[in-house]
Amino acid sequence: MRERGVARWVIAVPMLLLALATVYPMLFTLNVAMKSRREYVLDRFAPAEHVSFANFAEAWNSSGLGRYTLNSVIVTAGAVALLLLLGSMAGFAFSQLNFRGRKSLFLLCLGALMIPFQVIMVPFFRVLGQAGLLDTHLGLVLAYTGQFLPFTIFLMTSFYARVPQEVIEAARVDGSSTLGIYRRIMVPIGRPALLSVGILNALFCWNDVLISLLVLQSERNRTLMVGVTALRGQYSDNIPLFAGGVLVAVFPVILVYLFFQRQITDGVTAGATKG
Amino acid sequence: MTSQAVAAPRRATAVRRFRIAEHKLAPWILLAPSVLVIVALRVIPLFLGAQYSLTGDGERNGVFVGLDNYRALLHDRVFGIALKNVGLLFLALPVAVAIPGILATFLFLKVPGHRFYRSVYFFPVVLSPVIIGAIFNILLSFDGPVNQLLGRAGLGPVDWLGNGKVAIFSVIAVHIWATFGMALVIFLAGFATLDQSLLDAARCDGANLAQTVRHVVIPELSRTIQFVFVTTMIGLLTGMFGLLYVMTAGGPGGATYLPELYIWITQGQMNSPALASAASMVLFVLMLFVGFAQLRLIKRATKEA
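Chains as they are written, first to last, in UniProt numbering: chain U, 1 to 275; chain L, 1 to 305.
Isolated chain L (complex conformation) (with noise of 0.2 Å):
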């Protein structure tokens, strides 16, 4: 009976003592596996890829080379193409934001039908590249459906996907009406944090609607506009591989090539892994242009967390 009552308090402290431990040690248990893959699957990858990038192909396989490759992406014709093209990507930007953000403003405004409007333009952001690439290789064919009405309306036809000057725009359009009911969602969730009595003060001075949206919709929704204009440009960067894949593989001539389909033509295809790894690296630091304004973004978001 003794020992017994000696032996509650001792077990209490032995549970509050692996209490406390447990405590102490839950955290690094809950985040141990995210961290292992994050750092074994992107963080080392990155470092191993620029390091990369400074040893040579075949022959000189692994050697260090220095800046060789970087030097040889400057003289490729291709390459070239793929960064003319980026600054296509940057011309196609303002397009790709203004059209969700007038459409947004439309739905904010609760145009009849505005739920409906809502999903079907946010439709195609849930089907992938790859089967929007395929419809979009019917439609665009040269005996195609869309060549069909033009012929119809007495135009001559346009080679879509075939004609080297004319390719590009098709992968880009199509890429921008695959994604920017996206972008509408977003403009979407920060309309929603308008803040209605300021409305209601524009209307009661008698502003019309391009006033409010000048002085009122656009000064409240600078964060959300930055925050499209970061997503869009990342996409447009990183997120039309699967168009191009299917769509026009980089032809005609190589005329549609972007840095991702040259890094994955070049790693596969050409067999040459640390030239890949270089056009790799100006990718990621293109990346990392765009990526500064999100960079503060995020800062503000750790800083809530």
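Next comes chain U alone, as it looks inside the complex (with noise of 0.2 Å):
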């Protein structure tokens, strides 16, 4: 079914022109954060008369992004622990044990998937509240527990119903007990799922800004996307300095997308070929 000849360019043209398009809007942020302010305010589109890494450091230091860093360090690894373990427990439940009432509460879990947060975001607040876990990071590592188990817990049942039922049986026959089966057979093997399915949520909790603005209100709890929201009224009338902090928040994602790119589109695909 290879097209030949002009069929071939009429392809390949439009293709390289999204790529560009895709990329362009980082590259030329990534120039303009290079920029002096004269400079950006001259001309918007010549390359920086050199490289300098002056606007990121001054963002850096001037907004508290560093403080933001680190909360949001402690959220999203908070809620991954938490979301792998009961992820990976329930998958295990779902997939390999029989049991009474499986299937419903299986259909319990998935239907979860259809709430978006915003439709419980007003009685979720006022519970939080309650509970005096507003504007606390437990609070909202367990905010985003509730919100990502269900995509959680779909994707580890669909991976371990790979696993074949002879591992378990054999596993029994040498006097294992399930919990030990869980422990000692279910997480080793798990692993590269558990990373996949980690990275994935990690991304999830890392970039989400709604429910973070929602759960913590003062500012030396905010997590970095709060912060780089803050950024805009901060830097409105030095482009290079907003586009320095924007950047400083994007890059551990850049990194994490370089290294984990097939660990990524693994999650997303396993999520959508199985449904």
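One or more hints might be untrue.
To be verified - One-sided and incomplete, this derived list gives chain U residues near chain L with beta-carbon spacing under 7 Å:
# : residue
1 : Met89
2 : Ala93
3 : Thr145
4 : Gly146
5 : Val209
Said to hold, decoys possible - These stretches of chain U come out as covered by chain L in the derived footprint (C-beta under 8 Å, 3 or more residues):
#  : region
6  : 27 to 33
7  : 99 to 108
8  : 121 to 130
9  : 178 to 186
10 : 244 to 251
11 : 261 to 270
Think of the hints as simulated: they come from the structure by calculation, not from any bench.
Glycine included, C-beta positions come from ideal geometry on N, C-alpha and C.
With the hints in hand, could you dock these two chains into one complex?
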């Protein structure tokens, strides 16, 4: 079905243009962040006179981004750890164990996928307030766990369904208990899936702004993405500095993407093809 | 010595009994935390929200008011704009599905550099809407680079984010720009399951590209296409808060409101949680409407599990 000659170019040119349109905004912003304010005002597109990281450093130092980054790391790590633990336990039970009520419980977990956070936002805010968890990192960790757990269970269940029953039967014959099988077999065997699902969840938590804005109110507890929304007002008259702050916040995500691209797309497509 | 001989089998039955008990209990121990989290943090809030939506705000806080909040929504100009914009989302949906669909077809045909394209196209998906919103704030500002380019081409500047008629289209376009890579990899995963012999047969019969796509690819991928339609629409309905918050904050004049932003502002700034709950229920019904197809897909998945 290979098309020849002209047809090839008709395909190749738009694809190249679209690829350019996909990366150019990032490259443009990078160039802006290297410029001085004067350079930017004079010409938006001209390459920066020299490679300078002064704007990154200044944005980092003057806007509390360091503190926000630490907050994001704490909350993301907590939520991912909890999600992987609960998700793998539930995934093992749903995929490999027989018990009454399995199907209805699985349907409950998957049905929760269809409740977006916006729909439960108001009562969630009240309940968290009554529990004294508003404006705490623990409150945000719980919020993220509730938000992303159905998806995590779904992925872990479809992954563990591929583990042959014989493996579990053999362990039982050797005298292993069910919880022992979880700890000694399912956790080690699930490492690739846990990595993939963990990275995906880490991105979700790191990138979120809606839930974080709702749960955390004080400035010192803020996560990084909420901090970035505040940069806009702070640096409205200095676009290069604003660009520097934005890129500082996106740097960890770029690193994760470069190293774990396959795991990310695997996780995303596992959810899609199984569904 | 004799006592030891008796004790051994007795211990063995005790262990076996423990095993059986553990075997029965284990699924519940494994599932209890997850079920607790999902019920407490998703299911109960959903019911609480439905209940709040029937009570009053402010002075009538907690008082049962029937459908008053829903009536108030009907007469709220901003909520009306939000719903009208949902209509625009439905119009944007075919575009948001067609772009990744066509690209995936090309990538599947293994154009040179297909791996590179795949990575590049997917990249914006991992970025936070806040980051994307900030970048496009720079690009689309009135004295920004996009307008400067237009100026050089002799076209007047467009107020991308400040003109009420244009702004919502700008934000939707940026959302599509940011998320088409997601649908692309889902399409590619669908293509990977495509039966190669069908394609070979089409080629033997002398089918051209368009015919192959129409008679082989589309029917074979119908499940994937359906899935992408549903997830893309859900993304449009519930994934644009970050962009709206950063790029327009609902302005100008409420022109870029969507239900999710309306809920946020009504709960937070307007301090009307009951009215916000009613709007939440409207969004939920919209979601159910869209998710009906998804429910069918989920049912299929539970049969397999």
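Those earlier numbered hints the structure runs against, lowest number first: none
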